[in-house]
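Sequences are here, hints too, so could you generate the full structure?
2 protein chains.
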Amino acid sequence: MKTIKVAQFGLGPIGLETLKLAASKPWIEIVGGIDIDPAKAGKPLAKITGDKRVGAARAYRSLDELLKKAAPDVIFHTAVSTVRAAYAQIEPMVRNGISVVSSCEELLFPALREPQLAAKLDAACKAGGARVLGTGVNPGFVMDVLPVCLTGVCRHVQAVHVQRVVDATTRRGPLQRKIGSGLAPKEFERLFNQNKAGHAGLKESAALLAHCLGWKLDELIETGKAMVALQDIVTPHVSVKRGECCGIHQLAVGRIQGQVKITLDIKMYLQAPNPHDACQIVGEPTMNMLINGGVAGDGATVASLVNAAPRILKAPPGLLLMTDIGVPSFA
Amino acid sequence: MKTIKVAQFGLGPIGLETLKLAASKPWIEIVGGIDIDPAKAGKPLAKITGDKRVGAARAYRSLDELLKKAAPDVIFHTAVSTVRAAYAQIEPMVRNGISVVSSCEELLFPALREPQLAAKLDAACKAGGARVLGTGVNPGFVMDVLPVCLTGVCRHVQAVHVQRVVDATTRRGPLQRKIGSGLAPKEFERLFNQNKAGHAGLKESAALLAHCLGWKLDELIETGKAMVALQDIVTPHVSVKRGECCGIHQLAVGRIQGQVKITLDIKMYLQAPNPHDACQIVGEPTMNMLINGGVAGDGATVASLVNAAPRILKAPPGLLLMTDIGVPSFA
Chain A
33 MKTIKVAQFG LGPIGLETLK LAASKPWIEI VGGIDIDPAK AGKPLAKITG DKRVGAARAY
93 RSLDELLKKA APDVIFHTAV STVRAAYAQI EPMVRNGISV VSSCEELLFP ALREPQLAAK
153 LDAACKAGGA RVLGTGVNPG FVMDVLPVCL TGVCRHVQAV HVQRVVDATT RRGPLQRKIG
213 SGLAPKEFER LFNQNKAGHA GLKESAALLA HCLGWKLDEL IETGKAMVAL QDIVTPHVSV
273 KRGECCGIHQ LAVGRIQGQV KITLDIKMYL QAPNPHDACQ IVGEPTMNML INGGVAGDGA
333 TVASLVNAAP RILKAPPGLL LMTDIGVPSF A
Chain B
33 MKTIKVAQFG LGPIGLETLK LAASKPWIEI VGGIDIDPAK AGKPLAKITG DKRVGAARAY
93 RSLDELLKKA APDVIFHTAV STVRAAYAQI EPMVRNGISV VSSCEELLFP ALREPQLAAK
153 LDAACKAGGA RVLGTGVNPG FVMDVLPVCL TGVCRHVQAV HVQRVVDATT RRGPLQRKIG
213 SGLAPKEFER LFNQNKAGHA GLKESAALLA HCLGWKLDEL IETGKAMVAL QDIVTPHVSV
273 KRGECCGIHQ LAVGRIQGQV KITLDIKMYL QAPNPHDACQ IVGEPTMNML INGGVAGDGA
333 TVASLVNAAP RILKAPPGLL LMTDIGVPSF A
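Going down the list, the protein sequences come from chains A and B.
Sequence positions in the first sequence follow this note's numbering and run 33 to 363.
Sequence positions in the second sequence follow this note's numbering and run 33 to 363.
Errors might be hidden in some of the hints.
The list treats identical chains as one, so a pair stands whether inside a single copy or across any two.
[What the hints assert, rightly or not] Dumping the calculated DSS-like pairs for lysine-lysine here, alpha-carbon to alpha-carbon at most 25 Å:
| hint | residue 1 | residue 2 |
| --- | --- | --- |
| 1 | Lys346 | Lys248 |
| 2 | Lys34 | Lys248 |
| 3 | Lys34 | Lys158 |
| 4 | Lys57 | Lys248 |
| 5 | Lys158 | Lys346 |
| 6 | Lys152 | Lys346 |
| 7 | Lys52 | Lys34 |
| 8 | Lys52 | Lys346 |
| 9 | Lys57 | Lys84 |
Honestly, the hints are just simulated from the structure, not real lab data.
The structure displayed is predicted, hence computed values, not measured ones.
Structure, rendered in structure tokens:
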């Protein structure tokens, strides 16, 4: 495999993990990082990550600064959740011919909320000869790409139902807080309804599924409820009293003419028993898939980003969907 | 979706099922069939399939005859199992610019046994502006593409193990015979070792997995044993006495420096209890996937062929691998 020069945009926990995994790949050369944090600027990425293998390339405060010193083929972008926020950061990259793999949840299916920005970004990609892909584990794999893949052997698909139970106790602090740990249940639900808490990208997963199956959903609704702690829970990151919120139960339902075609049901909470990913394709044949224990969280997210790099470079320029490029694969 | 004109090469049971499924797709126009059987020549495909929706297009005895009357975009090829036999049938198609989706098992990874023919076919595709893809359920999905897809979220993959148990009682007669039903176990094993019985394509599945994971296997061996009937078994197609062969237990093992990297283990026999498809990715994360009941056989094979047609037409011309084109999807 030809060496791919990569840079990392966003040097938070996921960004640093991405760099560390990238450093383990013989086909990647790390050429720099970008973060607004002035404390990181100018420092070698090996020092920031604490991993010697990441090497001597440095952190810069902006894309412009990095481009004076380096010419990445691909930037891993782990910074924001909305297309709107991602656009401002990514558009200058693709204008410079740099392809982008992003963890931005809405980028999994950007046309859902931002069709105009998606069209502009696609045009910018084509003008610059670059690709943009939104991916991850969820959204990006468990509740969308993997179910789509299963339908490839179906004569007929009537409905797709995915259930995911994640034990948040094993996850990083920001996630434990994002799911409302320690809030009053009502307070969590208020924040959820303001898009300030909960799991991002569930509607995007449903939209990608519908797109692949040729379904025009009449209705796509999402609800989020607090999971309530039945006992006091203490993790290294949060402390939750009995009766407080210890996670989310989030549900997206897509309908056509009143008929339920898609349900995506995710419970992500502290001390969740029996974590798993399950998918039922109702059709011909009907299929019941179970991944016992579920697909582990942050490590797998980072892997999905790094593994996507060689695949996007084989695709023609444009704003890509996970399902349009080659089958996901370890790289 | 733009209408795709399709023809069917091979009007055996799988070919006829392919035509019937194709006829249910609004984006397919059936323009003809090809079969050497003189009893079928000239007859409308609706009559041969017994399905009115298949329409008035006719069966021809050769590609040349069909091309005088019709111009398919895609031919579904369900006729042979070896690259060598397929090449002679498919090369004239791609020379005429017609793309091919084939159930030929060895075409899943043609470079394994026929690297020179594969290179010639790839060149012919590029010269003619056509694509060739080998696909199916097994090989083509359960033991190769689906496990590859799971590795897309892995930081590291140490080994891949797939187990498949198929209850052959529910399958068509030719399959029940192919797995040796009613033979003496020794006789089956003799035929297996001469490549005259058993499941085709298991080594190809292993080769595709290794290719995607970047593994150069030092050793890839395949063994086949008879499953022995514990009691008399009668199906609509075969009659098996206790002690006779009632199916196969076939195993492919791939090693690097003595270490087992891939095991593909398939049991396909009459009255097999608890049919299922299971896959374990040993790595980071380790994943255990189970499809209870397994992916049903012939109907799903036909679906995989038909569903692949729009995806190959989006790919650049050439001899394609399932993992290089878009993610499998119902179409």
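Looking back at the hints listed earlier, which ones does the structure fail to meet?
-> none
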